[in-house]
Amino acid sequence: MLVKRLLLALAIFISINAYSQTVQITGTVMGTDKATVSGVTVQFKNQKKSVKTDEDGNFVIKLKKFVADSLIFSSIGYETVVQFVQTPDPINITLKEINPDDAEVVQVGYGSQKRKDVNGSVASSSKERLDGSLPDNNFASAQSGTVAGVGFTTNSSSAEGNSISTLVRGRGSLTLSNAPIIVLDGTVFTGGLSDINPSDIASINFLKDASSIAIYGAKGSNGVIMITTKAGKKGKMVFRYDASYGISTYIKKPDLMDGAAFYNFKSNRILIDSISGVQAATYGSSVLTANEIYNYQHNISTDWFNLATQQGSRLQNTLSLSGSTDKTHYFFSGSYLTVDGIAKNDQFKRYTLRSNVDYKAATWLDINSNTQLGVNNRDGLPADISGTGTGVVYLNPLTVAYDSLGNLTLYPWDPYNTVSPVQPIANPLGNLLVKKQDNQYRMITSNTFKVDFPFVKGLSYKLNTGVEFNYTIRNTYYGLNTVKGYTNSGEAINLDELKRNFLVENILNYNREFGVHSIGVTGVYSMQSNDYNSDSYTGINFPSDVLTNYQMSSAQKLTQTTSNWKENTLSQVVRFNYGYKGRYSLTLSTRRDGFSAFGDGLKYGIFPSGALGWQVSKEPFMQKFKYSKYISNLKLRTSYGVSGNNNIAAYSALANFATRTYIIYDSTTATGVVQNGVLISKVANPLLGWESQKQLDIGMDIGLFKGRINFGVDYYDKNTYNLLLPRTLPPEMGVISTFLENIGQAENKGVELSLSTINIINKNFSWSTQINYSYNKNMITQLYGNGVDNDTSNFWFKGHPISVYYDYKYNGVYQLHDNNSFQPGTQPGYVKVADESGNPTISPRDKTIIGQKDPKYHFGFSNTFKYKGFSLLIFFQGAGGNVKPDNLQSDDIGSQVTNNVINRNWWTPTNPTNEHWANDANANPLGVKIYEDASFIRLRDITLSYIIPSKLLTRAKINNFRIYFTARNIATFTKFKGIDPEIDSENSATADGRGGQWGLPLAKEYTLGVSLTF
Amino acid sequence: MKKILTITLLAIVVLSCKKSFLEETPVSILSPENLYVSKSGFEQGLYGLYNQMRQERGGYLQNGSTADPNNNISNGIMMVGVDNAYSNYPAANNEKYYNFFSTGSSISMVADSYNSTIFSWLYQVINGANTIIGRADNTPGINWTLAQKGQIVGEAKIVRAWAYRHLTFLWGAVPLVLQESTGANIQTNYVRTPVAQIRAQMEQDLLYADSTMADEAIDEGRLSKAVADHYLTELYLSEGRYQDAENMANKIINNPMYKLVTKRYGVNISNPGTAFTDMFIDGNSNRSQGNSEAIWVLQNQYLSLGADYNIMRRYWVDRYDVISINGKTPIVVSIANGGRGLGRFAATKFQFQLFNNTVDGRTGSSSTDVRGGSTGGTYSWRFSWTYGSPATKFNLNYSGNETLNNDAWPNTRKWDWAPSAQYPNDVTQPSGYNCQIYIRLAEEYLFLAEAKFYLGDLTGAAQAINVLRARANAPLCAASDISIDFILDERSRELFSEEHRRYTLLRIRDPQNPSLPIWIRRTNKYNLIIANNPVIPTDTLLPIPQVVINSNLTLPMPQNPGY
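Keeping their order, the protein sequence lines are chains R and B.
The numbering of the first sequence is my numbering, which starts it at 1 and goes up by one.
The numbering of the second sequence is my numbering, which starts it at 1 and goes up by one.
Just so you know, these hints were derived from the structure itself, not from any lab.
Values in this document were obtained by computation on a predicted structure and should not be read as measured data.
Zero decoy hints are in this set.
Going by beta-carbon spacing under 7 Å, a handful of chain R positions derived as facing chain B:
id	residue
1	663
2	665
3	683
We put the CB at the ideal spot given by N, CA and C, even for glycine.
Chain R extracted, bound-state conformation (with noise of 0.2 Å):
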């Protein structure tokens, strides 16, 4: 608007002087392609006096009368050129073109640099994968594979499907949370994946060196994703609308036996004495029981997995308007999601509501408000897959899921099996008669208050508020028709959750450019409070099933637990930047973190960090370089910084009670009184700190060829040192819990490289590839400190990864021949552990490290091509160097041979394998598991996208028209034999057992959608 009004009064002015001029200047404006470029502004300095540039790129400024000026040549995508003139002679410009990657603008802690001003390792999604044409319900599930360094797991497979582990430059804790924070809008952000709608977000940064993390203070050392929403563009209003509908069905089965299958496993079994533990002369069908035999002489057989399961779908809906006025910029959307698993019953839906809008209210005034509305719905219980002894993947074939009446039975083994010693087992498909009803509503919004001081050039002041408030109510209720229900006469938890994070920062910055030198300053004073409140009752025993969560005031029992929370954060930051000739550069910050939950003499700490880097592609030298005209880009960066981590729940330093109810019988009413009593569960920790790191970054960013070839390289080292462990307090002290110390040390190093290639390109066609890499070495590096370097509880070992199987090595089977002097007491047909220690007999000795459960290294790889209108995209992603347990070969089926598993191929002196072992309980006493390589390579994405040519559409006025098709988890590369290499990480050290791979498997995905603008 200012800008119009100058112009119309130069117009006038110009007019107003026309008939007077008597000096003009000619010139004309080329790229250095030779082309004219129009549209330039040509302004002199000192003078009022502007005028742009014809479709000829000739220029004629008229003047009253000549004075030497400095002419200013200024044009978008241009670099601007400032030109001496002394005498009133045509001139002929030439204006270099910007690279379209020095453009680029990426956000860093509490601001934003340009890409080639940045020293630190910050990479950006890729934008492709944000554009809504592939199934992702979050922004987690969109990055995964795309980003060097940075590696997500898929851990389970669900509706939801949030269930995803995210590493940065792999694992640095041993105890606490390994996950990045999030930051939203510039706002930490401390809510669930879920809840970002995808399709709102503009851009993703991850910030993984010191320098970039370290402004971030004690919450920034597992990295940071900075998350940043759409915001209205320039121009008119654009209305865009996106749909889009999927299918989805498991990629793989678990081979579960039949029911004669199961007969025959059964019969064929050999058990295990239970009075002596040795070796019965029985088989298993001795305890074939009275229905086993009945359901299958009669051929009765359920396929309990088939019927938990189902074809899944996923239909989204996006409206959204953006655009701008004179002072306005806006943003807004709205979004309607609904995903039914492939689990029956398992289902989400969530519905958004963003309102993005930014207001120049003044010359030296921005506001500035991000806000989403949502609801997450989480309705209904999901069939029970991999519930342990209660799953569908355990239940005996020779059971029925419904009565005579086609109601779903209480207990499979009809008639309800309570005889001793088989315990009743519910039916997994119960939970779809469970009512649940599960809401989440949230508040995310984050407010800016900006102003530019005008009489200090390059100072300014913004204040920023964030809010978040989530209030979740779930009500369950278990009618007479379920187990629970059933033997509680009705079972109903009611819970109410109520979480919310303010913060509020005051942010000043200084950038000023003083000739070849350039100076920003940055310093903030920031505060966060995090508080949650959670209040749960669980009623059972009710008169009937009529008004299911509402009659808690009939309860005969009610049990309520409530928890309460709060933890509040200060910090303050400066951060330093220089720049000298846009050459060198220099970040130096340090930020002090005040957090409310460590221990009282260790509140406070200071974060210091540093960076540097070099342009070398405009130094004058490489001019002179004969290859020079094809480096477009040549960096060179190093960054050095200490950050650390807070993952610590509020109140873990203080001493604690836990509550140890009594009752006292009153004789006057003949009844129990409940007495609250309480005993010390936890003495206060006053040296309770965080985590440090500290981290070198070494990188480089080369652009060929006019940016057609970009690679990026970066080495670390990471080294996190006051790592908190729990050390067993003297039991003489009365008090059981462990204390955490900040005692360990571990280390990550490795490397990430990134190549993005726009292979070929001409008009109708285009190719372009894009791969990451990044590999990875953990290890700790220092345990108790106290000459103790193995932790066989945690399994935890100097020398080795943080996350490591230890366990007895598989080594095949005995043979009819073998010496079994090792394992007395084996017989051929039994599992063969292999001679670790070399002790003549078998120990805990011989138990060792079998492999990492982290990926060593994740790659991604990603083809593009383009036709006119069409476009593919090809995405493969892996990662491997990580070993997992092939747990379907487990043999958790019970001591009466009651639980299922999946066909497999037994050993018999007929069948000599060392595959399997034999159908015989005595034969794998330790349990031992077998170990595969968990590497793979999966092709991730193939997307198909049609943009529908933009003369069929004018007279319908919609501007682009884009359709597509997508397929996800079409085919895994592994050596893993197990259902999926990925699901299920096991990442906790204790997690075993069956596991993952019992749960629901992953999900193959096929989505048609649209996407149009008007």
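Following the hints, position chain B against chain R.
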């Protein structure tokens, strides 16, 4: 513009001054600082200790663990693996503590979790009691009278002595800790305090309780002065201070509040039974319910807040539902049959011989003895089961030796399933939830007899014992019958599965070999399961748990001999 700047700068200054922003003031968690400031707060601490002590009859993995509290009973080591009890269906983990101790054990008891958990559990009790005792004196402004304070601190001191009693009997010398544990006083150089010194502290604590507490407990089920006197009596006997023991035993016996139950009473009066067995029936165990003999009753209730697991029935009732009769298992789990049992623990054959035969020349009891005689004891023991319709009787044959995994072996009825008002028919519940007697007056008569025996007053000893024998419908004994073995026999008849039998046998020297406790001879002789792996002096104490040794970083902690 200037205004904005001023406000901003002001805001920064004001906010920076707010130092308390990082101080935690939790509203949802309790700590000694915010709870132990009033009388009711101290009482909450006591209730927590009652809960801990009640767990003696629950599964041992209590410490907030998710493990099944229906298995691995805590008190097994206190009363099984002795002359009168063995483990019939042993759980594999704990069999070493009951049927063969260190001599037949292939797995280290030093590192075993049962051993370390019991140890930790008792020190938790001690720390809880220490916190109450210490803070009662050092917290200003508590709203209690001197008498109320004396009562509360007295209870805490009895609790502390109770825990040290367990510790000294199980491990011998252990560190004597009398201060509240905090993060600031983590100690890694504990020293094992001699037993005599620990007992001196126990005596001091119990005498304090005796002097500050009232005869009557504040509430049903809370500790009273008599509990302090009871433990003092036992302590004096352990120390060989027999005159003190006699005086203290008499103090309780002569207190008019406590009387032996000699007449039928209570909820079961209309059904056949005996006065002796009435005390153990649900609804009868509390003093206000008519049990004048009760000194301390553990409180419990089915399926409510404040209730806890009690697995005495699960452990002591045998697996009658798997008794095979003509190829079938006709005896069903029912309330009438005492509920479902796992038969983990059982009486040795010796326990039955105590009633019907003469043991080693000592007069036994008669078949009419209501505590276990083959005809009089049918309300105390299951000697037979009935099944089917018409009712058929299945008599158990217990003339042979005790054996492992014997589903047809008599079991005590003291811990039968207690039907609850709410779920009267649910016999599959693993735990029992009734109030149960923990200490009763009968034991004081046995203490008295023991003291008199050692003081040379055999007539007095016989008189004390005859009070119990008269009530039990057993023939009276004479002064000439009295010996320490006879007194121990009588204790077994009266207090089977109630007393901490192992402790009793450990505190009494063997007259045939005075350097050893009588536990070794009697157990090896009368427990025919243990006789296969006879116990040795090492087994009189458990090993100090490895975790205790490991966590004592700065001073070596000596292990008990033999481990």
